[in-house]
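> Sequence:
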Amino acid sequence: MLDFSDKSAIVTGGTRGIGLAVSRVLHRLGARVIAAYRSDEAAARTLMDECPGVRTFAGDLAEADTARAMVGQAWDAFGRVDILVNNAGIWNSLPAGVMDVENWDRMIRTNLRAVYLVTDELVSRWLADKRPAVVVNISSTAGQRGEAGHAHYAASKGAIISYTKSLGAELASRGIRVNCVAPGWVETDMTTDAFRDGGRERVAAGIPLGRVPQPEEIAWPVVFLASDLASAVVGEIFNVNGGNVLCG
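If you count the sequence shown from 1, position 39 lands on 414 in my numbering, and the numbers rise without skipping.
Every clue listed holds true.
Here are the computed distance ranges between Cβ atoms for each label pair: (1) A452 <-> R577: 39 to 49 Å; (2) D564 <-> R506: 26 to 36 Å; (3) D572 <-> W595: 29 to 39 Å; (4) A452 <-> E416: 18 to 28 Å; (5) C426 <-> D603: 19 to 29 Å; (6) N467 <-> A503: 34 to 44 Å; (7) E562 <-> A471: 24 to 34 Å; (8) T421 <-> V473: 34 to 44 Å; (9) M474 <-> D603: 45 to 55 Å; (10) S541 <-> K505: 16 to 26 Å.
Keep in mind the hints are simulated off the structure, nothing from the lab. Here a beta-carbon is modelled for each residue, glycine too, at the ideal position from N, C-alpha and C.
When you get a sec, could you build the whole thing from the sequences and use the hints?
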């Protein structure tokens, strides 16, 4: 059994969907967890009731001061941070040719800028203290093959893949491992609208596994990459999509 009882972790977007599943599994395995979220206080309270000891932090991590404050709160609470899971993100439509710059900027800000701000704040602390650490980023199959009607989302997730590989190569010799999990369709509230009116069945029919994966099925690969079992894994993109997108 994996044991994270000597570890502390930050999970962004950690109160819903995949992030909630990651927070639950890390807590179950003994980790001290701060689950960051944007605004859904009810979801945060539910997590804290279910997993006593888990802490939460509310705020927009795309704001530099907020990202710094969240990392500082975790550091003060735990004395250090060993694991960062960059999960927070949004998904919506943006057809080509409509010049919806606000939608584009909001996607890049939420899905990419926040990842950079939180990660870089932690990396600066880890390098200063010469601490080993692990970062696991959450990308998407959209970042690997693109997604029609969602180019802004695919661009943000493709950038996370490149960011993962770049940091992995840069930081591995300093004791900081950076990897990525790329899910496909997952049963979360983000996909509720897409799964209405037979949408789930249509999606499942295109997945070799024959069904839509559940959030916990993404959480366990994340936890594996955060564990010492993956001590030689660096800059890897771990595909967890039921065989829907097969990347070499």
